[in-house]
Amino acid sequence: QKEVEQNSGPLSVPEGAIASLNCTYSDRGSQSFFWYRQYSGKSPELIMSIYSNGDKEDGRFTAQLNKASQYVSLLIRDSQPSDSATYLCAVNSGGYQKVTFGTGTKLQVIP
Amino acid sequence: EAGVTQFPSHSVIEKGQTVTLRCDPISGHDNLYWYRRVMGKEIKFLLHFVKESKQDESGMPNNRFLAERTGGTYSTLKVQPAELEDSGVYFCASSPTGDGPEQYFGPGTRLTVT
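Respectively, the protein sequence lines represent chains S and C. Mapping to this note's numbering: the first sequence position 86 is 86, numbers consecutive. Mapping to this note's numbering: the second sequence position 41 is 41, numbers consecutive.
Watch out, some of these pointers could steer you wrong.
[As the list claims (entries may be wrong)] Okay, the calculated bits of chain C under chain S, using three or more residues with CB under 8 Å as the criterion:
#	region
1	41-50
2	102-114
[Stated by the list, open to error] Cross-link-like lysine-lysine pairs, in silico, DSSO-like; alpha carbons within 27 Å at most:
#	chain 1	residue 1	chain 2	residue 2
3	C	54	S	67
4	C	51	C	15
5	C	78	C	15
6	S	106	C	44
7	C	44	C	78
8	C	41	C	15
9	C	54	C	41
10	S	67	C	41
11	S	2	S	106
12	S	42	S	56
13	S	67	C	78
14	C	41	S	106
15	C	15	C	44
16	C	51	C	78
17	S	42	C	44
18	S	42	S	2
19	S	42	S	67
20	S	2	C	44
21	S	56	S	67
22	S	106	S	56
23	C	44	C	54
24	C	78	S	106
25	C	15	S	2
26	S	56	S	2
27	S	106	S	42
28	C	41	C	78
29	S	67	S	2
What the hints contain is simulated information worked out from the structure, not anything from laboratory work. Beta carbons: idealized from backbone N, C-alpha and C, even for Gly.
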């Protein structure tokens with residue numbers, strides 16, 4: 001079992017729709033959770049971090065965390081073509097600060 | 001504020017040669033990390049510096065890889081001798097001390113070993 005699992009996609013949504021990206025993790029002791037956006041050939045860009053159960057909103061982005069289910073999600077409202085990228089879920093298990101990444105979900109927003 | 005920078009952006013070397021990658025973290029960031037992504041796989045942790053000290057090098061694949069951070073500023077990652085399976089994109093990231101584990105990534109160095 002991979003430590004951080006994501007559906008590789010591609011996930012296609014029409015412009016203006018809500019994109020829902022999901023991630024599960026295996027280490028129940030994980031404490032910090034991140035979503036990175038990576039455009040092709042570019043570096044991962046941190047877009048959201050979440051540390052406690054529930055929702056965290058930042059503009060069009062909402063991160064959701066359910067530690068009991070070991071599940072993290074990212075919602076993108078009013079999706080735009082510029083949101084088309086690979087979204088990486090990353091988890092930190094505390095102690096040392098290394099982050100474990102999923103393989104990423106490719107999102108395509110269709111105009 | 002300048003971001004994390006890496007040099008070179010691309011490197012093509014032959015099997016058995018040596019390559020040195022450089023990372024300059026965001027100014028003032030004590031934490032520096034190296035990660036690697038090989039084709040089709042997830043980004044994987046290699047090691048973590050706090051200032052000039054290696055905090056965690058559990059991800060280093062073998063003793064052909066040597067990372068240094070003299071003076072606690074920039075870091076180098078040397079691969080000697082390079083093997084075909086070392087090909088991939090090497091990312092560096094940094095974070096400030098005490099502000100949580102949020103890390104900021106550089107553009108990466110694409111290494112191709114032929």
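Query raised in the report: Has the given pair, residue 41/C with residue 78/C, been kept, meaning a C-alpha gap of at most 27 Å?
Result: Given that 27 Å is the threshold and the Cα spacing comes to 22 Å, the pair holds.
Query raised in the report: Is the Cα-Cα distance between residue 54/C and residue 41/C 27 Å or less?
Result: holds, 25 Å
Query raised in the report: Between residue 2/S and residue 106/S, does the CA-CA distance stay at or below 27 Å?
Result: holds, 18 Å
Query raised in the report: Between residue 78/C and residue 106/S, does the CA-CA distance stay at or below 27 Å?
Result: With a Cα-Cα distance of about 32 Å, the restraint between residue 78/C and residue 106/S is violated, given a limit of 27 Å.
Query - Hinted pair residue 42/S and residue 2/S, Cα distance within 27 Å - result: holds, 24 Å
Requested in this report: For the pair supplied as a hint, residue 41/C and residue 15/C, confirm whether the alpha-carbon distance does not exceed 27 Å.
Outcome: holds, 21 Å
**Report entry** Hinted pair residue 67/S and residue 2/S, Cα distance within 27 Å
**Finding:** holds, 17 Å
Query raised in the report: Is residue 44/C within 27 Å of residue 78/C, Cα to Cα?
Result: Holds, at about 17 Å.
Query raised in the report: When you check the alpha-carbon spacing of residue 56/S and residue 67/S, does it fall within 27 Å?
Result: holds, 14 Å
Report task. Given the hint that residue 106/S pairs with residue 56/S, test it: the Cα-Cα distance must not exceed 27 Å. Result -> holds, 22 Å
**Report entry** Given hint residue 2/S paired with residue 56/S - CA-CA distance at most 27 Å
**Finding:** holds, 26 Å
Query raised in the report: Would the pair residue 44/C and residue 54/C pass a check requiring their Cα atoms to be no farther apart than 27 Å?
Result: holds, 17 Å
The structure fails hints 3, 4, 13, 19, 24 and 25 (numbered hints given earlier, in ascending order).
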